[in-house]
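Chain residues, written in single-letter form:
Number of protein chains: 2
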Amino acid sequence: MKLTIIGVGLIGGSIALKLREKKFVDYVFGVDQNEQHLIEAKELGIIDESLSLEDAVHQSDLIILAIPVDASRTLLPTILDLVNDNQTVMDVGSTKAGIVNAIQNHKNRSRFVAFHPMWGTENSGPKSAISESFTGRAAVICDREDSAISPLQTVKAVAENLGMNLLYMDAESHDIHTAYISHISHITSYALANTVLEKEREEDTIFQLASSGFSSTVRLAKSHPEMWVPIFRQNKENVLDVLNEHITQLRKFKSALEKDNYEYLEELIRNANKIREILR
Amino acid sequence: MKLTIIGVGLIGGSIALKLREKKFVDYVFGVDQNEQHLIEAKELGIIDESLSLEDAVHQSDLIILAIPVDASRTLLPTILDLVNDNQTVMDVGSTKAGIVNAIQNHKNRSRFVAFHPMWGTENSGPKSAISESFTGRAAVICDREDSAISPLQTVKAVAENLGMNLLYMDAESHDIHTAYISHISHITSYALANTVLEKEREEDTIFQLASSGFSSTVRLAKSHPEMWVPIFRQNKENVLDVLNEHITQLRKFKSALEKDNYEYLEELIRNANKIREILR
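Just so you know, the sequences run in chain order A and B.
Per numbering that gives the first Met the number 0, numbering of the first sequence is gapless, rising by one per residue and ending at 279.
Per numbering that gives the first Met the number 0, numbering of the second sequence is gapless, rising by one per residue and ending at 279.
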């Protein structure tokens with residue numbers, strides 16, 4: 000199988016590495032606006048060859064869009080214009096309603112599968128790609144009834160080769176769940192970093208003291224705006240909904256402390272501890 | 000050297016394991032209100048023997064308080080009443096102003112060293128103890144001018160044997176820094192867990208979807224109130240100060256989204272990314 004990766008960064012690169020390793024694909028074309036990334040991806044064995052979008056798509060069985068969600072939404076109709084009934088197009092974006100709505104009336108809609116592998120790091124670029132990234136993680140296919148059987152089978156096989164646990168849901172539900180499970184974590188982490196940077200001027204002290212707890216909550220704050228602004232923008236309503244709730248929850252801690260109501264503080268913490276039963 | 004660990008849980012247990020392994024101590028007494036923990040600690044090789052507080056203190060060169068910060072503050076004067084000029088008492092608590100103020104006029108003040116190893120997990124109890132926990136982490140000694148030379152040397156040797164990087168600061172500064180570096184992370188994590196538990200009723204979906212990013216930001220929400228309510232209580236003013244700033248920072252994200260001001264959103268994120276330069 001011949002693969003085109005559009006966007007040879009962290010996610011696209013990691014997928015290509017794993018699919019090559021599993022011999023699911025035997026030739027990989029890379030498409031990227033960033034020439035340096037294409038050179039690195041070739042050096043790292045992620046791609047065999049860099050090509051123009053049109054040439055790469057024409058020669059590929061499977062095309063994976065692995066660029067920021069706004070760029071994916073803009074580019075997908077063009078790609079679908081180019082494909083035939085033997086080809087599969089999939090994305091890997093963190094928001095889904097926007098992209099499926101953008102192509103709902105496209106004649107080749109059924110060649111597209113909306114896919115979201117639930118993995119990422121705060122890093123980016125081909126040098127961050129790791130073939131084992133996805134093993135054991137969840138992956139979601141959205142609106143499967145809008146995809147034809149053969150592209151669905153191809154994407155299922157991709158998920159299997161990546162070692163992922165596949166779930167199905169509609170795009171709207173996906174975007175609500177990811178607002179909770181992923182997008183809000185990034186906002187709290189960014190806000191936490193800004194809090195510390197605003198008030199804690201002794202940077203050396205932060206660096207020397209930073210506990211593992213701080214590092215793990217603030218890790219996501221290293222994630223780049225190129226990826227995350229489009230996600231927040233496309234999932235604005237859900238993210239705002241969760242963000243408002245989160246601020247409400249923080250205000251409860253503030254109120255408990257201000258009023259020296261430590262029974263209430265304990266109750267808030269005991270409630271949070273229930274996450275133990277869900278996330279073991 | 001003979002050691003008494005008061006509180007044979009995660010922190011006390013981990014310290015005892017490491018100090019035994021390094022042969023810094025050759026006999027360990029355990030003191031704990033929890034009988035089951037004492038039995039487990041003995042089975043796990045953390046302690047040699049459980050004893051009453053008074054008997055254990057009398058027979059020890061070094062006494063380590065590793066119980067919640069409110070209990071430490073209450074118990075420390077009693078322990079200092081029992082010690083002589085050949086003994087060292089240290090704590091491992093996450094707040095420092097409270098405990099040093101409680102003993103500032105005690106005749107044996109100088110036998111005490113206020114110590115804070117910057118490590119912890121969301122787990123508790125002797126079964127969670129790990130001898131390698133502290134390696135490479137920061138440890139703080141507060142108000143060293145109030146401790147005598149020999150206890151300071153003993154505690155320095157403890158830090159060395161734990162493989163920690165030792166810093167010195169006054170108790171007030173310590174409490175401000177830890178509000179930023181540790182305490183606020185716990186509050187955001189608790190609030191994030193409560194947000195998800197409040198709004199996301201499909202627990203199965205959380206469990207299946209939870210990405211590594213979510214798991215790492217919410218991990219601290221598993222931490223127990225027995226430890227954390229006393230910390231927030233003792234560090235109330237600093238924690239409230241940071242919490243107010245954090246809510247202000249979150250409101251900026253909310254405002255940027257509500258007003259579709261994506262340039263501002265990007266600016267907020269780029270600012271947060273500066274944490275990369277501090278936490279590599």
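If you are wondering where the hints come from, they were derived from the structure by calculation, not from laboratory data.
Every residue, glycine too, gets a C-beta built ideally from N, C-alpha and C.
Incorrect hints may appear among the rest.
Stated by the list, open to error - These stretches of chain A come out as covered by chain B in the derived footprint (C-beta under 8 Å, 3 or more residues):
| id | segment |
| --- | --- |
| 1 | 176 to 182 |
| 2 | 190 to 196 |
| 3 | 218 to 231 |
| 4 | 239 to 246 |
| 5 | 257 to 270 |
Next on the checklist: Output the indices of the hints that this structure fails to meet, ascending.
Outcome noted: none
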